[in-house]
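S.K.: One-letter residues, chain by chain:
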Amino acid sequence: METTSLKKNQTVVDRVVTRLLVDPTLGVLALLVLICLLAAFTLPVFLNGSNLYNLVNNSLVVMILAMGMTVVLVSGGIDLSIGTTMALCAGVSAAAMNFGLPLFAALLAALAMGALVGLGNGLLITRLGLPDFIATLAMLGFASGVLYIWTKGVPIIGYMVPEFYIIGGLTPLAGPLTLPMVIALLVALVLGGILGFTRMGTHFFAVGSSKTGAMQSGVRVDRVRMQAYIFSGLAAAVAGIIMAGRNTNVPADLGNGYEIQAIAAAVIGGAALSGGRGRILGAILGAITLAAAVNLINLVGVPSSYQKIVIGGILVAAVLANRISAIVSGKVRQRKAMVLEGIPA
Amino acid sequence: MTERPAPDADGFLLNVQGISKHYQGVTALDAVGLQVRPAEIHALLGGNGAGKSTLINILSGLTSPDSGTIMLSGNRLELRRPTDALGSGINTIHQELSLVPALTTLDNIFLGREVNARFLGLNVRLDRRHMEDRVRSLASEFGLTEEDLKLPVGEFGALKKRVVEIVKALAFDTRLLILDEPTSGLEEEERLNLFEHMRRLRGKGVSLIWVTHHLEELFGLADTATVFRDGRLVGTVEVPDTSVDDLLGMMFGIAAGEFGSTATAAVVTEAEESREEVLRLTDVNRSYILRDISLTVHKGEVLGIAGLAGAGRTELARAIMGIDKISSGTVHLKGKAVKFSDSSAAYQKGLAMLPEDRKQLGILPELSVSENISISSLDRVSWLGFVLKGRDEVSQAESYRQRLGIKTADVREKIRNLSGGNQQKAIVARCLNTNPDLLIFDEPTQGIDVSAKVEVHNLIREFVANGGAAIVIASEIGELVELSHRVIIMKKGRLVGSVDHVPHALVSGQFEAVKNRILAMSAGRTES
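Sequences listed follow chains A and B, in order.
Residues in the first sequence are numbered from 1 upward in steps of one, following this note's numbering.
Residues in the second sequence are numbered from 1 upward in steps of one, following this note's numbering.
For reference, chain A alone in the conformation it holds in the complex:
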């Protein structure tokens, strides 16, 4: 009797320890709390309501990109073209407005462009057999080149109808609520639902975790990978539409650097670059954490040119943290196995 209660006790403790150390979403939450505490003591203005509100509002574009990136990372790929795709889709929506198309048609055109770029990535990877890294790097080149040639380097302007101010979040929807917040929530529900509760989502995890295993189980690996890239292309398009509204003009370099932020946010949120692991909630918290860190250094007065260094540093730290959590979880599991076999520690 005594031994069973002892065993039960031990497994409960182990379970809590395992969860805290292993669950990446809890890890990023801890990091976020840490940043907030750090800020609360040094810079009370950080915890100011309007600062926090701005911070979350500013993180939305990266958040949407990070959610799309998470889908690709889970399925074992990586999408380096996500930032330039966003810019290209912003350009498409703006140009379509200038061309005289109605708003919904302009938005549809942007989404179609995003899906098309995703499909292109998927085809380069599955049909030509290019590595994900190379294919999407090439797509980054194509997309930004097309946008430059098309705009001749001059930002697209003159498309800002009142609705676009709402889409960009410049005009709030109701009270403090902005449309980008609603859109980010919708994207989260859709992508989170797909990853967690659908066949397609299971196939994303399966392909990312073991391509041969998935193939032998009858999963059509190429199609699944293509789907993942289409989702990241669509996420880029959604982000691009918001950016077109928020920025009020579309310069050719609108998307520069966003791929790094998207990858960083996804990885902070626990997505593994080796595939098979990642959560939408993690990407959301990751994007907010990233925005909080950037916000903090802005408040401290560090020049904004240092931002990229900070983002790079956070990316390295996040990958290390993921690896440490994997090692710790392995050890915990090993110890648990020993305990079950009845070996005293």
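You can take every hint at face value.
If you want the footprint, here are the derived chain A segments under chain B, 3+ residues with CB under 8 Å:
hint : segment
1    : 203-211
2    : 217-228
From chain A, some residues computed to sit far from chain B (all C-beta separations above 10 Å):
hint : residue
3    : A39
4    : L130
5    : G158
6    : R246
7    : I311
Don't read these hints as lab results, they were simulated from the structure.
Note that the Cβ used here is the ideal one computed from N, Cα and C, for glycine as well.
Chain B: place on chain A using the hints.
M.R.: Relative to the frame of chain A, chain B by itself:
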């Protein structure tokens, strides 16, 4: 669960005729046939490169044949992709596990065949509760609990993974189950357990195609055996009417006596007393893994390490090589205390190891055979330890190729194009090339065929006869007994016993007795 599958007019469930397959000019299969009756265990045998894997890949829809027909219950099948095979009721348990580590048992079982429920008017939501209901009784029949269903399979051991694969195959209408070396990586008792599962399947009317290298496993279990050699069909025999020697003859086309089967293999000579000590471990510990290990290995001696999976055998080898840190205890090499910070230090001091998992840890698949051989001691084939002398590297590899009988047309060939047994020999050559005092073999014959196995055994014997010392780790106790002078037994990180003078015992005909004694100690029953 499933209705009995109907045989065709000739009484066969599966009738494969005239299947040929060529890969870039190489004939992998040359018009082979295979006939499987309903509810039988049909062994598919052959050496490495006989074409078994190719046929299995064809039957599971992973590759298409160039010609030939596949009939199941009298209907012709066109298997273009894995779903076609699964849909026809042909399930395959591949040697390289086809489970996805990140998914739970339940999601793995239904992977590719998920059950959906309606959500918001769309038929897209996974119905995990329904899926669980469907497999619960089947899973518990095979010893999987409800909690197991919700755990990622990456956390399970080898046997449990295989059981998950069996359940995955049976959860659907399986008429033919193909098992490709299902016992590799399993312990003795786990094998017996698996064999019980196989008998139960046959009892349910499922036919099994079973690929194995362990011929002694067949008797009492398999009904029929079909033998392939070099991509051709040699013949089909009833297992009760045949013998290991006959099957060996069919597989390799030569008299079985040349292979030195178990009865004649006790050719190890007892090493002389008062030998020079090569390695001594005193009270070596590694937290949770190794406890108070003390042992010595002498010149000219093979020390066997027995134990079940998880007993700490591989971990001990890794600790000796400096790959894992030891928390307390001392290691003496030829009388001097040593402490290795990593394995390259161990290599420099005269230790070498043949790692357990050849594909993942051993070979460098994209490099040539000669580069694979010289990689651990490149200073032998380079100027000032810096600039490689390609010609020396090749001629060195050439001499090993002849000495060890590595079958390759050219030592500059990429090693991944060689068969498993020849890859293993190349890795042995790599270890020998470092001129070690002590060589550790971790599962030296896993996944290689009988003839290659005997050759690897001979290499180990030759190495110690020339003054080397060796540690051999093997799950197959028979193999351990044949090779070792002494066997020590590990359990849960401790040494729990040892058997000395093994060759003496073999000469006096006590092979089975020694084997059973070791088995009893590894399983934890008390020794008299």
